[in-house]
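Colleague: Single-letter residue listing:
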Amino acid sequence: MNGGMPDAESRIERAEIDRSLRGPVLFFFSSGVAWLLVGSLLGLLAAWKMVFPGLLDSADWLTFGRVRPAHLNIVIYGWASAVGMGVGIWLMARLCRVALRHRALLVASGVVWNVGVAAGTVGILCGQSRSIEWLEFPGWATPILFLGYALVGAWGVIMFRYRRPGHVYVSQWYLLAAFLWFPWLYATANILLIWRPVAGSVVGAVNWWYGHNILGLWFTPIGLASAYYMIPKVLGRPVHSYYLAIIGFWALALFYSWNGMHHLIGGPFPAWMVSASVVASVMMFVPVIAVAINHHLTMRGHFHYLKWSPTLRFTVFGAMTYTAVSFQGSLMALPAVNNLTHFTDYTVGHAHLGLYGFFTMTMFGAMYYIVPRLVGWEWPSARMIRWHFWLAASGIALMFATLTLGGFVQGLELNDPQSAFMSSVAVAAPFRFVRGLAGFLLMAAHLVFAVLFVRMLLRRGERREEATLLARVEDSATARTEPRPPEGGGITAV
Amino acid sequence: MSRLPTLFFGILAVFATSWLGLVVYPYVQLGHLQPERSATTGALTPAPLTSSAVAGERVFAANGCVYCHSQQVRAAWLSTDIEKGWGPRQTVARDYLNERPSFLGTMRTGPDLSNIAVRQPNVRWHFEHLYEPGVVSPGSIMPSFRFLFVERPVGATPSPDAVAVRGPHKPRAGYEIVPTQDARDLVAYLLSLDRTQPLPEADGTNGTKRTDGPNAAKEAKP
Numbered sequence: 001m002n003g004g005m006p007d008a009e010s011r012i013e014r015a016e017i018d019r020s021l022r023g024p025v026l027f028f029f030s031s032g033v034a035w036l037l038v039g040s041l042l043g044l045l046a047a048w049k050m051v052f053p054g055l056l057d058s059a060d061w062l063t064f065g066r067v068r069p070a071h072l073n074i075v076i077y078g079w080a081s082a083v084g085m086g087v088g089i090w091l092m093a094r095l096c097r098v099a100l101r102h103r104a105l106l107v108a109s110g111v112v113w114n115v116g117v118a119a120g121t122v123g124i125l126c127g128q129s130r131s132i133e134w135l136e137f138p139g140w141a142t143p144i145l146f147l148g149y150a151l152v153g154a155w156g157v158i159m160f161r162y163r164r165p166g167h168v169y170v171s172q173w174y175l176l177a178a179f180l181w182f183p184w185l186y187a188t189a190n191i192l193l194i195w196r197p198v199a200g201s202v203v204g205a206v207n208w209w210y211g212h213n214i215l216g217l218w219f220t221p222i223g224l225a226s227a228y229y230m231i232p233k234v235l236g237r238p239v240h241s242y243y244l245a246i247i248g249f250w251a252l253a254l255f256y257s258w259n260g261m262h263h264l265i266g267g268p269f270p271a272w273m274v275s276a277s278v279v280a281s282v283m284m285f286v287p288v289i290a291v292a293i294n295h296h297l298t299m300r301g302h303f304h305y306l307k308w309s310p311t312l313r314f315t316v317f318g319a320m321t322y323t324a325v326s327f328q329g330s331l332m333a334l335p336a337v338n339n340l341t342h343f344t345d346y347t348v349g350h351a352h353l354g355l356y357g358f359f360t361m362t363m364f365g366a367m368y369y370i371v372p373r374l375v376g377w378e379w380p381s382a383r384m385i386r387w388h389f390w391l392a393a394s395g396i397a398l399m400f401a402t403l404t405l406g407g408f409v410q411g412l413e414l415n416d417p418q419s420a421f422m423s424s425v426a427v428a429a430p431f432r433f434v435r436g437l438a439g440f441l442l443m444a445a446h447l448v449f450a451v452l453f454v455r456m457l458l459r460r461g462e463r464r465e466e467a468t469l470l471a472r473v474e475d476s477a478t479a480r481t482e483p484r485p486p487e488g489g490g491i492t493a494v
Numbered sequence: 001m002s003r004l005p006t007l008f009f010g011i012l013a014v015f016a017t018s019w020l021g022l023v024v025y026p027y028v029q030l031g032h033l034q035p036e037r038s039a040t041t042g043a044l045t046p047a048p049l050t051s052s053a054v055a056g057e058r059v060f061a062a063n064g065c066v067y068c069h070s071q072q073v074r075a076a077w078l079s080t081d082i083e084k085g086w087g088p089r090q091t092v093a094r095d096y097l098n099e100r101p102s103f104l105g106t107m108r109t110g111p112d113l114s115n116i117a118v119r120q121p122n123v124r125w126h127f128e129h130l131y132e133p134g135v136v137s138p139g140s141i142m143p144s145f146r147f148l149f150v151e152r153p154v155g156a157t158p159s160p161d162a163v164a165v166r167g168p169h170k171p172r173a174g175y176e177i178v179p180t181q182d183a184r185d186l187v188a189y190l191l192s193l194d195r196t197q198p199l200p201e202a203d204g205t206n207g208t209k210r211t212d213g214p215n216a217a218k219e220a221k222p
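As given, the protein sequences belong to chains A and B, one line each in that order.
For the first sequence, the positions run 1 to 494 when our numbering is used.
For the second sequence, the positions run 1 to 222 when our numbering is used.
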């Protein structure tokens with residue numbers, strides 16, 4: 001990626017770019033981690049309220065119908081979008097090989113974004129939620145978010161415009177697209193749903209066009225951009241196929257953007273709209289398989305790196321989950337399957353697999369790579385990284401499994417004309433209890449990560465010359481023939 | 001793919017197809033819909049909402065009822081919704097004309113509310129149910145909405161809409177539990193949810209007021 005530049009010179013250039021990014025990117029990461037803790041706590045509360053409806057039920061601001069959207073919006077806008085913007089800006093600057101200018105302005109836009117998230121959350125808890133899924137923030141809070149985003153998006157596009165000449169890498173396509181799609185999505189949804197609301201069922205169409213595209217055209221491209229960067233970077237080898245990457249990118253843009261209506265199969269809409277979305281959902285196999293093959297063949301023969309590289313372990317977990325969750329999503333759009341899973345906890349499991357198993361895990365992986373370069377310090381504890389990984393991985397696996405099984409039996413009861421409604425509540429109850437337990441695992445994972453992150457910012461622990469790895473690179477045949485994984489601040493290759 | 005204009009316009013053009021297809025065109029296609037006027041009675045379907053019901057729609061939104069309750073009856077060829085008693089016919093775009101926003105919902109953690117006014121037309125039942133759902137409807141995991149009610153001293157005669165509390169949250173001696181305006185509005189909204197009137201584009205229209213199926217029976221007041 002560095003052309004034929006001498007190594008010392010490119011290392012100095014990278015260090016300069018990293019220095020220019022330190023303030024803004026660390027700000028987005030820090031605020032994101034703080035919101036992750038708040039969002040997890042609210043999610044945990046909502047999960048246990050479904051098991052014990054009497055839990056904290058006397059105050060209006062703690063009722064389930066407010067805590068749940070507060071959880072969702074905090075993790076979407078406070079955590080995932082913020083950390084996504086941080087990773088996106090860092091990747092863009094590194095790949096365009098331009099240092100960030102006017103970084104104070106970017107920090108300011110991060111502050112504005114966070115004010116928007118905080119204001120919107122208070123709005124929801126105080127009873128001003130719009131109850132339009134993924135867009136619950138009241139109408140007076142969303143312009144703050146838009147303003148906060150505008151500068152970040154503009155910076156991304158401007159950096160691309162002033163990039164150093166040379167090859168444009170696949171991650172840059174995804175990032176440029178995400179930076180352009182998000183404002184279009186967010187503005188359309190806000191105008192038609194909140195500021196000048198449309199009447200009737202069109203709300204549902206716009207709602208799910210937004211709701212699905214924010215996943216598919218905002219979080220997914222950022223996650224894939226990160227995976228496309230981190231996997232080759234840590235391995236020190238090129239991406240397997242440029243052409244597969246092109247197919248994956250354009251097919252994602254074309255098919256994902258049409259997926260939204262599969263959330264409303266059977267709903268009050270003209271049949272062609274739902275049919276178009278079902279077809280597009282099935283066509284998602286094309287970009288997903290292209291990306292999966294590309295990542296797999298890049299990794300082939302190097303899976304032992306997962307033993308020691310934290311970045312790679314989280315990123316590959318995310319990339320594999322992306323394949324799995326996308327296959328699942330395509331199948332869920334088939335009317336025969338949707339008939340069983342629609343309206344049940346199965347969908348909740350799917351949503352968490354996508355946003356957590358894929359996106360959040362990929363972002364953790366990116367942060368393990370980026371933060372040492374910004375702070376100039378290595379992660380203080382390999383043991384805590386291992387705890388973080390295993391708590392998060394087992395938490396999301398358990399949550400997904402229990403919601404999927406619970407949703408399945410719930411769907412059978414809901415569809416059975418002879419069964420009373422209340423039996424669908426009864427059969428789902430044990431699965432919801434286990435989901436609450438899985439929430440504790442995820443909460444613990446986030447606490448471990450938050451402590452680690454703060455210790456990192458404070459440069460705690462011993463000074464290390466080399467990257468913090470999860471296991472000693474064994475003196476085996478493979479380790480001798482492979483270069484050491486270029487992880488952390490000490491070593492930068494490629 | 002290293003030229004900015006190619007990428008830039010490609011990215012925007014591809015996305016524009018879905019924006020035109022799933023946002024703009026439906027907006028145009030569904031935007032001109034008008035209520036159906038009965039030739040004999042002149043009544044409109046859907047019926048206009050009262051101001052209390054409009055206020056109740058905001059209470060419904062503020063407290064996130066939509067996260068557990070859908071408001072859509074799917075067609076008989078696709079689902080068992082009609083057999084199950086959620087409504088006598090499929091709901092169609094015109095059913096939602098008066099709502100801003102419409103709450104189609106994506107979860108049935110609780111029962112579908114498309115026709116709750118028909119299944120459960122009793123105002124007092126709704127107040128009691130909102131106050132103590134688990135007592136009124138055994139097995140329910142709906143949270144209590146006690147915060148939509150106030151406890152106040154009983155006047156010369158008890159209020160006609162005082163809640164007959166059966167569970168643990170009884171009023172103190174000499175006090176009674178009465179709904180706030182928010183609770184009254186919310187119930188007015190719930191009692192406006194009746195999508196049983198025939199519409200020509202909905203299949204299976206028969207205009208029957210009562211729906212059968214296990215849920216109709218289960219939710220009826222004992």
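Worth flagging that the hints you see were computed from the coordinates, not collected in a lab.
Among the hints, erroneous ones may be present.
Label-pair ranges, simulated between beta-carbon atoms [stated by the list, open to error]:
(1) 444(A) - 200(B): 51 to 61 Å
(2) 170(B) - 430(A): 45 to 55 Å
(3) 181(B) - 19(A): 38 to 48 Å
(4) 37(A) - 42(B): 57 to 67 Å
(5) 55(A) - 166(B): 12 to 22 Å
(6) 455(A) - 168(B): 44 to 54 Å
Just a sample of chain A residues kept apart from chain B, beta carbon distances all over 12 Å, derived [as the list claims (entries may be wrong)]:
(7) 14
(8) 130
(9) 144
(10) 147
(11) 150
(12) 264
(13) 302
(14) 345
(15) 458
Quick reminder that beta carbons are idealized off the backbone N, C-alpha and C, glycines included.
Colleague: What are the numbers of the hints the structure violates, in ascending order?
Modeller: 2, 3, 8, 12 and 14
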